[in-house]
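Spelled out, the chains give:
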Amino acid sequence: MKGFATVAGLSILLLTGARPASAQTAKPWLHIQVEEARGAKVKVNVPLSLVEIALKAAPEPIFDEKHIRIGKHCDLKVSDMRRMWDELKAAGETDFVTVRDEDDGETVTVSRKGDLVQVRVDGAKKNERVMVDVPVALVDALFAGEGEQLNLKGALAELSKRRGDIVRVEDKSDRVRIWIE
Amino acid sequence: MLLKMAGAAALAASVGVASMDYVFVDVKPDKDAPRIILPVPLLAAELALAFVPPADLDVPIDDEARRYLPIARELIGELREMPDAEIVRVEDGDELVTVTKKGDVLEVRVKGDNERVSVNVPLDSVEEILKSARGGRLDVRKALRGLHRFGRTDLVEVVDGDQHVRIYVW
Numbered sequence: 007m008k009g010f011a012t013v014a015g016l017s018i019l020l021l022t023g024a025r026p027a028s029a030q031t032a033k034p035w036l037h038i039q040v041e042e043a044r045g046a047k048v049k050v051n052v053p054l055s056l057v058e059i060a061l062k063a064a065p066e067p068i069f070d071e072k073h074i075r076i077g078k079h080c081d082l083k084v085s086d087m088r089r090m091w092d093e094l095k096a097a098g099e100t101d102f103v104t105v106r107d108e109d110d111g112e113t114v115t116v117s118r119k120g121d122l123v124q125v126r127v128d129g130a131k132k133n134e135r136v137m138v139d140v141p142v143a144l145v146d147a148l149f150a151g152e153g154e155q156l157n158l159k160g161a162l163a164e165l166s167k168r169r170g171d172i173v174r175v176e177d178k179s180d181r182v183r184i185w186i187e
Numbered sequence: 013m014l015l016k017m018a019g020a021a022a023l024a025a026s027v028g029v030a031s032m033d034y035v036f037v038d039v040k041p042d043k044d045a046p047r048i049i050l051p052v053p054l055l056a057a058e059l060a061l062a063f064v065p066p067a068d069l070d071v072p073i074d075d076e077a078r079r080y081l082p083i084a085r086e087l088i089g090e091l092r093e094m095p096d097a098e099i100v101r102v103e104d105g106d107e108l109v110t111v112t113k114k115g116d117v118l119e120v121r122v123k124g125d126n127e128r129v130s131v132n133v134p135l136d137s138v139e140e141i142l143k144s145a146r147g148g149r150l151d152v153r154k155a156l157r158g159l160h161r162f163g164r165t166d167l168v169e170v171v172d173g174d175q176h177v178r179i180y181v182w
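Line by line, the protein sequences give chains A and B. Heads up: the first sequence begins at 7 in our numbering, then just goes up one per residue. Heads up: the second sequence begins at 13 in our numbering, then just goes up one per residue.
The shape of chain A in the complex, shown without the other chains (with noise of 0.2 angstroms):
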């Protein structure tokens, strides 16, 4: 009896066309979900390969071919960021920067772990919990580009292969999700 329940299930899986859900989303989807605690709810769901089209439409000064343009009053240049970040990652697994604000009993921690570059912000006081995962791949691609410039598309077909919670906002009042599913 068990056995027939299993090769019905099984049949009306493959007559419904289920599919793994990895073959279902060949092309990811970059999804934004807000809510206030007022009401109001905010729902974004897109390709990617939308995105990367839109982000083609950003202003001329900021956005040249495949990079973008840190403008000049931008107080930290590309160039020194993108020593910063091959020094952190020649350091690799380890809290990069741990700042306690003993006031707020606010934490914030930007560490690598794995292939992860995770930012916290863990505000036990406010009720506040920030998680933003990167993943370093990401991070090298964008870097990847030359003096002042961030190689946006190759962070962005860095960002096509990954899949989960990218950022988590959470705080008394809103809660932020993007991820790519």
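Source of the hints: derived by calculation from the structure; they are not laboratory data. Quick reminder that beta carbons are idealized off the backbone N, C-alpha and C, glycines included. Just so you know, not all the hints are guaranteed correct.
[Claimed, not checked] Per the computed footprint, the stretches of chain B lying under chain A, defined by three or more beta-carbons under 8 angstroms from a beta-carbon of chain A, are:
| no. | region |
| --- | --- |
| 1 | 74–86 |
| 2 | 90–100 |
| 3 | 103–110 |
[Unchecked claim] Derived DSS-like pairs: lysine-lysine, alpha-carbon spacing no greater than 30 angstroms straight-line:
| no. | chain 1 | residue 1 | chain 2 | residue 2 |
| --- | --- | --- | --- | --- |
| 4 | B | Lys113 | A | Lys167 |
| 5 | B | Lys114 | A | Lys159 |
| 6 | A | Lys62 | A | Lys33 |
| 7 | A | Lys49 | A | Lys62 |
| 8 | B | Lys123 | A | Lys47 |
| 9 | A | Lys49 | B | Lys114 |
[Claimed, not checked] Residues of chain A clear of chain B, computed beta-carbon distances all greater than 12 angstroms:
| no. | residue |
| --- | --- |
| 10 | Arg89 |
| 11 | Val105 |
| 12 | Asp107 |
| 13 | Glu108 |
| 14 | Thr113 |
| 15 | Val116 |
| 16 | Ser117 |
| 17 | Gln124 |
| 18 | Val125 |
| 19 | Val140 |
| 20 | Leu156 |
| 21 | Ala163 |
| 22 | Arg169 |
| 23 | Lys178 |
Fit chain B to the supplied structure of chain A, relying on the hints for placement.
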């Protein structure tokens, strides 16, 4: 003049008798006002173009707009290829805004306390119109042909209290 009229008739024949589409503008300004329905035959618009000097049908596009044309074409192509989905949903109190891709149409819906806006953007028509803008110039005749692709559809509907505006192709 006779030659032009003959040309217009030939043009009418070339666009086909089947394309006897009308764009209807249906307006009711308020509860007590009369309803105004204005039918505009697309064929008549095409015929009228036959009387316009060809040079005036080739409109230059400014540099800024020209820059965005290939991106717009790519965006429309990508939107047409992607599966049906609700792209944007914003809920704020009594207001709901959605942008949905359904088939070859991009549907924009706004529902408020006392208002309702509905816009349907036929992607293949937009693609056709964008195709008519090449080499930094817009071919008005080709752009108008893009309107024929709308088929029978509601393009815009706005209901605000007692006011009602509807634009549709029939």
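Comparing the hints with the structure gives:
no.	hint	in the structure
1	74–86	holds (count 4)
2	90–100	holds (count 7)
3	103–110	holds (count 3)
4	B:Lys113 / A:Lys167	holds, 24 angstroms
5	B:Lys114 / A:Lys159	holds, 28 angstroms
6	A:Lys62 / A:Lys33	holds, 19 angstroms
7	A:Lys49 / A:Lys62	holds, 23 angstroms
8	B:Lys123 / A:Lys47	holds, 15 angstroms
9	A:Lys49 / B:Lys114	holds, 17 angstroms
10	Arg89	holds, 33 angstroms
11	Val105	holds, 35 angstroms
12	Asp107	holds, 33 angstroms
13	Glu108	holds, 38 angstroms
14	Thr113	holds, 33 angstroms
15	Val116	holds, 32 angstroms
16	Ser117	holds, 34 angstroms
17	Gln124	holds, 29 angstroms
18	Val125	holds, 27 angstroms
19	Val140	holds, 25 angstroms
20	Leu156	holds, 20 angstroms
21	Ala163	holds, 16 angstroms
22	Arg169	holds, 17 angstroms
23	Lys178	holds, 19 angstroms
The earlier numbered hints are all upheld by this structure, with none contradicted.
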